[in-house]
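Number of protein chains: 2
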Amino acid sequence: MISDRLAPRGFGHNTLHLKQRNNHQTQIDFVKIICPPYMGKQDSSQKEKKADDLPTVLLLRQPFVLTVYEKQFSEKFRFLKPWESSMPLHQFLSTHAGSVKAAFFTAGRPITADILQNLPELRFIMTTSAGLDHIDLNECKRRGIRVANAGSIFSEDVADTAVGLLIDVLRRVSAANRFVKAGLWQKKGDYSLGHKLGGKRVGIVGMGSIGLSVAKKLNPFGCIISYTSRNKKPHLSFPFYPYIKELAANCDIIIICCALTDQTRHMIDKNVMLALGKEGVIVNVARGAIVNEKELVECLLKGEIAGAGLDVFENEPNVPEELFSLDNVVMTPHHAVMTDESLNDLFQLVIGNLDAFFSNKPLTFEVVQA
Amino acid sequence: MISDRLAPRGFGHNTLHLKQRNNHQTQIDFVKIICPPYMGKQDSSQKEKKADDLPTVLLLRQPFVLTVYEKQFSEKFRFLKPWESSMPLHQFLSTHAGSVKAAFFTAGRPITADILQNLPELRFIMTTSAGLDHIDLNECKRRGIRVANAGSIFSEDVADTAVGLLIDVLRRVSAANRFVKAGLWQKKGDYSLGHKLGGKRVGIVGMGSIGLSVAKKLNPFGCIISYTSRNKKPHLSFPFYPYIKELAANCDIIIICCALTDQTRHMIDKNVMLALGKEGVIVNVARGAIVNEKELVECLLKGEIAGAGLDVFENEPNVPEELFSLDNVVMTPHHAVMTDESLNDLFQLVIGNLDAFFSNKPLTFEVVQA
Chain A
0 MISDRLAPRG
10 FGHNTLHLKQ
20 RNNHQTQIDF
30 VKIICPPYMG
40 KQDSSQKEKK
50 ADDLPTVLLL
60 RQPFVLTVYE
70 KQFSEKFRFL
80 KPWESSMPLH
90 QFLSTHAGSV
100 KAAFFTAGRP
110 ITADILQNLP
120 ELRFIMTTSA
130 GLDHIDLNEC
140 KRRGIRVANA
150 GSIFSEDVAD
160 TAVGLLIDVL
170 RRVSAANRFV
180 KAGLWQKKGD
190 YSLGHKLGGK
200 RVGIVGMGSI
210 GLSVAKKLNP
220 FGCIISYTSR
230 NKKPHLSFPF
240 YPYIKELAAN
250 CDIIIICCAL
260 TDQTRHMIDK
270 NVMLALGKEG
280 VIVNVARGAI
290 VNEKELVECL
300 LKGEIAGAGL
310 DVFENEPNVP
320 EELFSLDNVV
330 MTPHHAVMTD
340 ESLNDLFQLV
350 IGNLDAFFSN
360 KPLTFEVVQA
Chain B
0 MISDRLAPRG
10 FGHNTLHLKQ
20 RNNHQTQIDF
30 VKIICPPYMG
40 KQDSSQKEKK
50 ADDLPTVLLL
60 RQPFVLTVYE
70 KQFSEKFRFL
80 KPWESSMPLH
90 QFLSTHAGSV
100 KAAFFTAGRP
110 ITADILQNLP
120 ELRFIMTTSA
130 GLDHIDLNEC
140 KRRGIRVANA
150 GSIFSEDVAD
160 TAVGLLIDVL
170 RRVSAANRFV
180 KAGLWQKKGD
190 YSLGHKLGGK
200 RVGIVGMGSI
210 GLSVAKKLNP
220 FGCIISYTSR
230 NKKPHLSFPF
240 YPYIKELAAN
250 CDIIIICCAL
260 TDQTRHMIDK
270 NVMLALGKEG
280 VIVNVARGAI
290 VNEKELVECL
300 LKGEIAGAGL
310 DVFENEPNVP
320 EELFSLDNVV
330 MTPHHAVMTD
340 ESLNDLFQLV
350 IGNLDAFFSN
360 KPLTFEVVQA
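For the protein sequence lines, the chains are A and B, in the order given.
Residue numbers for the first sequence follow numbering that gives the first Met the number 0, so the first one is 0 and each next one is one higher.
Residue numbers for the second sequence follow numbering that gives the first Met the number 0, so the first one is 0 and each next one is one higher.
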């Protein structure tokens, strides 16, 4: 179904992972996800059309997947790109208001009621992310606008990053790499010790598809898993703590895997960090604003916690510069989801969902609001 | 049994991991390991003695574990330290020849027949490492000198490092960390994509306790495991390749976990790397000399393989400087075994084994030569 030819850069047998795809559902605060049994198939009967005849899809920013797969997308859809127009955004949207039934949005650009008001014909939003915090879902529900997200296609990659960041912080891989590459091994000799993963008590914050994948991956390391989540998961035997502070007090490490919502914003604050303690480590692969970043920086600088592995930040791409010199803080640029392979999966999902929307077929990973 | 008080630096509940300790046996080329059911208990009835009355143990270098646990060791044993004497080594050894029944050696200092010849009364060598390539085992066997090593106490930590290095190389964690900390995210925007672990074909070289642990840890990542080893392991269902080149040709990644022996020295050469291919990755947590380092450097510089995660090198602490600038090469200073927790385990093992030797009790991890 997925051809190697489409991959922007190869990695040996880079489609093999599809065999292992995990179809656990993404945990979102108040929505359910509908997963058809297969990812959106492309309609091979669709012939090449002139650009003007193609279905119109609104963008507000250029999604990275579109840059990489521009040719394949442009054979099937005509994308409206307001940033290429000299018109102000509102005027651009008003001009095209009558023709925009579908939009393809990225995370990080808020889709407010105000924006939606300019698009009276809009019936479908496809977003590149698993998170939905950038979209006014209540307004979408009120208007009957369907929304589909990236579902769980990124879950394994995000979980891999969480484990990678944790090993890096505990075993000081990045810092040791810098030490060796600066020629300090010869000059300074032994490098400082790290910490064992086995036996560490790891608290998962948000036991959705990512959290569950992290738990499964850390289990053979001998980590002792517990979790908090909106509700106890009856099928899981890991200990459940209803309150984040209680989880932190009973763990050496917390790994943040939940969605950003009004309830989770700044949930990880100084109180939680103090409960985690001076030898505690925080890993965040979810959203920056789930952590009170100012308090996190304070706690790291004061040694109130032992370290952090951070893929996400409150004000990306701005990162607290106070952390740059800390070896016990490992930072990556919100790229937990970003692999060649997951980008290919996203391409397949988006093109399949846009096809499905315009031909009245079921959507993959449609978000259904309760 | 093991007290937090003894740990040089704490990490929350740093003895919990003992509950998960894996007692798989280390794979060594021609020896068997005897593992009593518990790690060497200390004899609490032993009273403080004057230093001269304590059993004598020869060192050739200061083991790191002794530096950290000097006080505890010095209460029970008197260590002979030739580097503190003005005598040349041979003279020092001759002077003490009559009193040296036990020695405590580190890896990296060859224990040759020539050294052993100076120690006619030597009956026991304790070594800090799992590897035994630094000891002339044939001479020990001929002389009836018992040898005990670190057995599998480091296996989990080494396997953790292997997984950490692999995630780092595939997902570019260290390089991304450097990118963010150099303030380049704001300036340069998106960071280049990494590669997914899921679906990658991982070949384990040496299916001893470390190799098995790596396999178990990578399994939930969706990696497809196969291996080579001296013999096929009848209890394992992973595909077995008798020849390293065949393994490499059928894998995206090889992880070196075997002992260094005459048979494995330079086993991973250019031919193996070419069989692995341009998108292949090599991780080495075993011994540097298993890889032909000159050819590895050439292959990395020419792009004949895609990347490497290296904890060990042929001529430590010297590292090929040509690799310093390569983001696709992650290097750590032979510290795969080094955690606070494993150091504490090693302390318990060594002090227990020295006690056991001097009181004619069974040794833990005694090496029995076939």
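Just so you know, the hints here were simulated from the structure itself, not pulled from any lab data.
As the structure is a computational prediction, the values presented were derived from the model and not from experiment.
All C-beta atoms in this analysis are idealised placements derived from N, C-alpha and C, irrespective of residue type, glycine included.
Any given hint could be a false lead.
[Stated by the list, open to error] List of simulated lysine to any residue pairs, SDA-like, C-alpha gap at most 25 Å:
1) Lys187(B) <-> Asp354(A)
2) Lys186(B) <-> Arg142(A)
3) Lys232(A) <-> Lys187(A)
4) Lys140(B) <-> Lys180(B)
5) Lys75(A) <-> Asn327(A)
6) Lys180(B) <-> Lys232(A)
7) Lys186(A) <-> Lys187(B)
8) Lys186(B) <-> Lys187(A)
9) Lys187(A) <-> Asn314(B)
10) Lys180(B) <-> Arg200(B)
11) Lys186(A) <-> Arg108(B)
12) Lys187(B) <-> Met266(A)
13) Lys186(B) <-> Arg200(B)
[Claimed, not checked] Pair by pair, the computed Cβ-Cβ distance ranges are:
14) Asn359(A) <-> Ala248(B): 53 to 61 Å
15) Pro109(A) <-> Ser324(B): 37 to 45 Å
16) Pro54(A) <-> His234(B): 37 to 45 Å
17) Ser93(B) <-> Gln185(A): 31 to 39 Å
18) Gln185(A) <-> Val367(B): 45 to 53 Å
19) Ser191(B) <-> His89(A): 54 to 62 Å
20) Ser191(B) <-> Pro54(A): 42 to 50 Å
21) Gly188(A) <-> Pro54(B): 52 to 60 Å
22) Asn249(B) <-> His265(A): 47 to 55 Å
23) Asp189(B) <-> Arg141(A): 50 to 58 Å
24) Leu88(A) <-> Ala248(B): 50 to 58 Å
25) Ser236(B) <-> Asn317(A): 29 to 37 Å
His234(B) and Pro54(A) - C-beta distance against the hinted 37 to 45 Å: 57 Å, violated
Looking only at beta-carbon atoms, does the pair Asp189(B), Arg141(A) fall within the given range of 50 to 58 Å? About 35 Å separates the Cβ atoms of Asp189(B) and Arg141(A), which means 50 to 58 Å is violated.
With the threshold set at 25 Å, check whether the alpha-carbon distance from Lys232(A) to Lys187(A) stays at or below it. Violated, at about 50 Å.
inquiry  = Check the hint pairing Lys186(A) with Lys187(B) against an upper bound of 25 Å on the C-alpha distance.
reply    = 34 Å, violated
- [ ] Given the hint that Lys187(A) pairs with Asn314(B), test it: the Cα-Cα distance must not exceed 25 Å.
- [x] 16 Å, holds
Confirm or reject the claim that Asn249(B) and His265(A) have a C-beta distance inside 47 to 55 Å. 49 Å, holds
Worksheet item: For the pair Ser93(B) and Gln185(A), does the Cβ-Cβ distance stay inside 31 to 39 Å?
Response: Given about 34 Å between the Cβ atoms, the range holds.
Open item on the list: Given a hint of 37 to 45 Å, does the C-beta separation of Pro109(A) and Ser324(B) actually sit inside it?
Closed with: 40 Å, holds
- Task: Go ahead and decide if the range 45 to 53 Å is satisfied by the Cβ distance of Gln185(A) to Val367(B).
- Result: Hint violated: Cβ distance 38 Å, outside 45 to 53 Å.
Point to revise | Whether the CB-CB distance between Ser191(B) and Pro54(A) falls inside 42 to 50 Å | key: With Cβ atoms ~32 Å apart, the hint is violated.
message: What's the verdict on Lys186(A) and Arg108(B), does the C-alpha distance respect the 25 Å limit or exceed it?
response: The hint holds at about 19 Å.
#### Entry: 25 Å Cα cutoff - pair Lys140(B), Lys180(B)
54 Å, violated
When held up to the earlier numbered hints, the structure conflicts with 1, 2, 3, 4, 5, 6, 7, 8, 10, 12, 13, 14, 16, 18, 19, 20, 21, 23, 25 and fits the remainder.
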